[in-house]
Amino acid sequence: MLTLVAVLMAGAARVEAVRERRYPTSEQADETLYLRSGTMLRRLTLAYNALAADLYWIRAVQYYGGTNRILRAEQETAAGTDATAVDPARRRFDLLYPLLDLTTTLDPRFNIAYRFGAIFLAEPYPAGPGRADLAIALLQKGLRERPDKWEYMQDIGFVYYWWIHDYKTAAAWFDRASKAPNAPNWLRPLAATTLAQGGDRRSSRLMWESILQSAEVDWLRQQAEHRLLQLNALDQIDALQRIVDRFLASPGHPPLDWAALARARMLPGRPLDPSGTPYVIQDGKVTIAPASKLFPLPTEPDKIPGSSPS
Amino acid sequence: MKAIAAIAINVFRESVRDKVLYNLVFFAILMMGASYLIGQLTAGQDVKIIKDLGLVSVSVFGLFIAVFIGIGLVSKEVERRSIYSLLAKPIHRYQLVAGKYAGLVLTLVVNIAVMALALYAVLVYLIWGVPPILQKAWDAPALDPALLIAIFLILVELMLITAIALFFSTFSTPILSAALTFGFFVAGHFSGDLRNFEQVVDSPTAARLAGALYWVLPNLAQFDVKAQVVHGQPVPMGDVALSCAYAALYIGVLLVSAMFIFSRRDFK
Numbered sequence: 064m065l066t067l068v069a070v071l072m073a074g075a076a077r078v079e080a081v082r083e084r085r086y087p088t089s090e091q092a093d094e095t096l097y098l099r100s101g102t103m104l105r106r107l108t109l110a111y112n113a114l115a116a117d118l119y120w121i122r123a124v125q126y127y128g129g130t131n132r133i134l135r136a137e138q139e140t141a142a143g144t145d146a147t148a149v150d151p152a153r154r155r156f157d158l159l160y161p162l163l164d165l166t167t168t169l170d171p172r173f174n175i176a177y178r179f180g181a182i183f184l185a186e187p188y189p190a191g192p193g194r195a196d197l198a199i200a201l202l203q204k205g206l207r208e209r210p211d212k213w214e215y216m217q218d219i220g221f222v223y224y225w226w227i228h229d230y231k232t233a234a235a236w237f238d239r240a241s242k243a244p245n246a247p248n249w250l251r252p253l254a255a256t257t258l259a260q261g262g263d264r265r266s267s268r269l270m271w272e273s274i275l276q277s278a279e280v281d282w283l284r285q286q287a288e289h290r291l292l293q294l295n296a297l298d299q300i301d302a303l304q305r306i307v308d309r310f311l312a313s314p315g316h317p318p319l320d321w322a323a324l325a326r327a328r329m330l331p332g333r334p335l336d337p338s339g340t341p342y343v344i345q346d347g348k349v350t351i352a353p354a355s356k357l358f359p360l361p362t363e364p365d366k367i368p369g370s371s372p373s
Numbered sequence: 005m006k007a008i009a010a011i012a013i014n015v016f017r018e019s020v021r022d023k024v025l026y027n028l029v030f031f032a033i034l035m036m037g038a039s040y041l042i043g044q045l046t047a048g049q050d051v052k053i054i055k056d057l058g059l060v061s062v063s064v065f066g067l068f069i070a071v072f073i074g075i076g077l078v079s080k081e082v083e084r085r086s087i088y089s090l091l092a093k094p095i096h097r098y099q100l101v102a103g104k105y106a107g108l109v110l111t112l113v114v115n116i117a118v119m120a121l122a123l124y125a126v127l128v129y130l131i132w133g134v135p136p137i138l139q140k141a142w143d144a145p146a147l148d149p150a151l152l153i154a155i156f157l158i159l160v161e162l163m164l165i166t167a168i169a170l171f172f173s174t175f176s177t178p179i180l181s182a183a184l185t186f187g188f189f190v191a192g193h194f195s196g197d198l199r200n201f202e203q204v205v206d207s208p209t210a211a212r213l214a215g216a217l218y219w220v221l222p223n224l225a226q227f228d229v230k231a232q233v234v235h236g237q238p239v240p241m242g243d244v245a246l247s248c249a250y251a252a253l254y255i256g257v258l259l260v261s262a263m264f265i266f267s268r269r270d271f272k
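Order-wise, the sequence lines are chains F and U. 276 is the number that this note's numbering gives to position 213 of the first sequence; each next residue is one higher, with no gaps. 150 is the number that this note's numbering gives to position 146 of the second sequence; each next residue is one higher, with no gaps.
Chain F extracted, bound-state conformation (with noise of 0.2 Å):
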């Protein structure tokens, strides 16, 4: 009997597989929000509105890592992946912020889906929407909720300073922030370095190791080591631009590439990034290589007119 049962359950598996490869299913089918009202959603779940709350939450994070991959192997194969097999509205992160809206209005207090939700949707394409105005309204929203949450004002000025390079607004958020209740002391010097110098590369270093410091998350402890790796990248890339630059202002200097220059006893060798993938020069310019995990670097923001020099 139980044989008869398993070679049932295998055939049906088997009927399935056959199914699914001659019609495959299309992954708009999948990527459908079918109630898109929050309050509506709240009636409908009773008391049960924190776990479809995780629910919602989950989808996000899915949603969003898989349109990031997504993204990111048609980035990889030059010609891209089939284009009628992907919505095109996940091309653009469409139901990101439809999703987090949803997860915090059924959990109102769902203080991880504000944050990092406020990083998914502010990250630049293809690694996310680039909606730094959306990441912002989802923060306030969560202030709206509660006031006194020096995380959120931190995060918004976090992303005034990183993705609007408005470092004004930024620094008086930080401000906002240090004069909240339980406010981490490093707030306050953050906001006046944001001011006296924001968009320099040094106050970028002290925001991301501020944020080091009050990781919640293994998840945003990584982001933020990741953006340290980045500016120590950017620190490296301008001393061996000046290197190279002085070689090619050398009379008759060979063709340029690494060898050339520890040739040249300029370098010891082939320069590392901090990921430990080789730099390469690209029509006299130095980079890091496309395939290192730190790619692509940050752009450089522009610094507030009369900040002091880094």
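The set of hints was computed from the structure by calculation and includes no laboratory data. Predicted model only: the values in this text are computed from it and were never measured. It is possible that part of the hints are untrue.
Partial list, computed: chain U residues near chain F (C-beta under 10 Å) [said to hold, decoys possible]:
| id | residue |
| --- | --- |
| 1 | S61 |
| 2 | F188 |
| 3 | D197 |
| 4 | V204 |
| 5 | F227 |
| 6 | Q237 |
| 7 | M241 |
Away from chain F, derived, C-beta distances all over 10 Å, residues of chain U [as the list claims (entries may be wrong)]:
| id | residue |
| --- | --- |
| 8 | S86 |
| 9 | P208 |
| 10 | Y218 |
| 11 | P238 |
| 12 | Y254 |
Beta-carbon label-pair distances, calculated as ranges [claimed, not checked]:
| id | chain 1 | residue 1 | chain 2 | residue 2 | range |
| --- | --- | --- | --- | --- | --- |
| 13 | U | L152 | F | R77 | 33 to 43 Å |
| 14 | U | F72 | F | L67 | 25 to 35 Å |
| 15 | U | A210 | F | E208 | 31 to 41 Å |
| 16 | F | A69 | U | W219 | 30 to 40 Å |
| 17 | F | N245 | U | L121 | 29 to 39 Å |
| 18 | U | A216 | F | W249 | 56 to 66 Å |
| 19 | F | R82 | U | F186 | 31 to 41 Å |
| 20 | F | G128 | U | L213 | 45 to 55 Å |
| 21 | F | P359 | U | L41 | 48 to 58 Å |
Beta carbons: idealized from backbone N, C-alpha and C, even for Gly.
Please build the complex by placing chain U on the supplied structure of chain F, with the hints as guidance.
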């Protein structure tokens, strides 16, 4: 009192014989599976999600036990005609109703106690190896004793639902009783809307009717402190005490009504 206790113990034994406690195995598998899967599916918040899932499971498993056993407590005896032999014994009908109720509550208490222990065990597993600095960032400690308040209020709510199911069971068919009990459960969570009905309708009669319904229907939303507890918000003890007092009185109303109906019922 002895008769009530004897009936209660029999109801508990019957539920064990009916393999009701098997749901504990499902609960354990669900929690263990979830604790592993959630770590893979989500970025952080494993502890919050496990707490949410655990509390909801306690509530849902309990709700099914309360409804599906509650509706059969009396009607099953009538269907099987075992009610005749029961009533032939030296017990009053009200004792039968009270005993049946107490027996199902005992089943729920045992179920919920085991589920609460399992939930804490999973939480102990989840926090294993998590550095204290990360634990400090959580809204509430993983092994927060306040979880017991949420679980206790779930039990109180289920006791109320059991009383509703038993009440319907004394005069209605099992299917109708189940539908009505679930209806009361849903309405009980929407009762807050009835209170504010006057803001959405113009008719004063409709508003008055909704207002009356608000006071008559059980207000079950007050027993839901799951989100508060998971986020580490304080639950005032006065609120808990008043909710318990409300439940006790409401259960009293339902049980007395059930006893009254059952005592006048003709089984010929």
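So, going through the hints one by one against the coordinates:
1. S61: At about 9 Å, which falls below the 10 Å cut-off, the nearest Cβ of chain F leaves the hint on S61 of chain U intact, so it holds.
2. F188: Given a least distance of 12 Å, the restraint on F188 of chain U is violated.
3. D197: holds, 8 Å
4. V204: At 14 Å from the nearest chain F Cβ, V204 of chain U fails the 10 Å test, so the hint is violated.
5. F227: This hint holds: F227 of chain U lies near chain F, its Cβ roughly 8 Å from the closest one there, short of 10 Å.
6. Q237: Holds, because the Cβ-Cβ distance from Q237 of chain U to chain F comes to roughly 8 Å (cut-off 10 Å).
7. M241: Hint on M241 of chain U: violated, closest Cβ of chain F at ~21 Å, above 10 Å.
8. S86: holds, 35 Å
9. P208: holds, 25 Å
10. Y218: holds, 16 Å
11. P238: At roughly 13 Å from the nearest Cβ of chain F, P238 of chain U sits farther out than 10 Å, so the non-interface label holds.
12. Y254: holds, 17 Å
13. U:L152 x F:R77: 33 to 43 Å: violated, 49 Å
14. U:F72 x F:L67: 25 to 35 Å: With a Cβ separation near 32 Å, F72 of chain U and L67 of chain F satisfy 25 to 35 Å, so the hint holds.
15. U:A210 x F:E208: 31 to 41 Å: holds, 33 Å
16. F:A69 x U:W219: 30 to 40 Å: violated, 58 Å
17. F:N245 x U:L121: 29 to 39 Å: holds, 34 Å
18. U:A216 x F:W249: 56 to 66 Å: holds, 58 Å
19. F:R82 x U:F186: 31 to 41 Å: holds, 36 Å
20. F:G128 x U:L213: 45 to 55 Å: holds, 51 Å
21. F:P359 x U:L41: 48 to 58 Å: violated, 33 Å
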